[in-house]
Amino acid sequence: MEAIEELAVQPCTSSLYLRPFRLSYRQNGTKKFWDFMRTHDSVSILIFNTSRQCFVVVKQFRPAVYMCEVERHHPQVFQNQDKETLASLENPLPAVVGVTYELCAGIVDKPGLSLEEIACEEVWEECGYRVSVAQLRRITSYR
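Each residue of the sequence shown is one higher than the one before, starting from 1 at the first, in our numbering.
Please keep in mind that the hints were generated in silico from the structure rather than gathered at the bench. These numbers come from a predicted model, not from an experiment.
For lysine to any residue, the following SDA-like pairs were computed, each having C-alpha atoms within a straight-line distance of at most 25 Å:
hint, residue 1, residue 2
1, Lys59, Cys127
2, Lys110, Arg62
3, Lys110, Met37
4, Lys110, Gln135
Construct all of the structure, not just a fragment, from the sequences and the given hints.
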C-alpha cells in the first residue's frame, strides 16, 4: 500500500459528489432543523465466482475511513474546523487504516445506460470480470 503524504484537511465548499442541505420544519409546535447530504444514485453488485465458489469483494483505500482513524488518533486535526484551513498532520497514519473490503459499486453517471449496463461496466472496471446483463439478478433496490 502506498504511503500517505502531505495530509491536510480543509472545509469542502463544493463537491461533484455531495450536496449538503438543511431541512427546516415544525413538529408538534417546535421549530426544528436537520442537515443531510444528497448523493448520486449508485449500483452495487454482489459477485459470486462460480468456478471458485466464492464471493468477490473489492479492496480499496477510502479517504473517509482513513480520516475517521486520523481523528481517533489525532483529534487536534479537527479542533479548528470552523477556520479557513485546518491542521496539517506531519506524521500521517499508514494508508492501510483506510482500506475497506466492499461490494463492487459505482455511481450512476453514464447517461443512456441502464442500471444493469452500468453494473456490468463496474464489474469489468473494478474486478476484471466480463458479465452480461442477462447474468445479473436484481436482489433489491431503494430510494
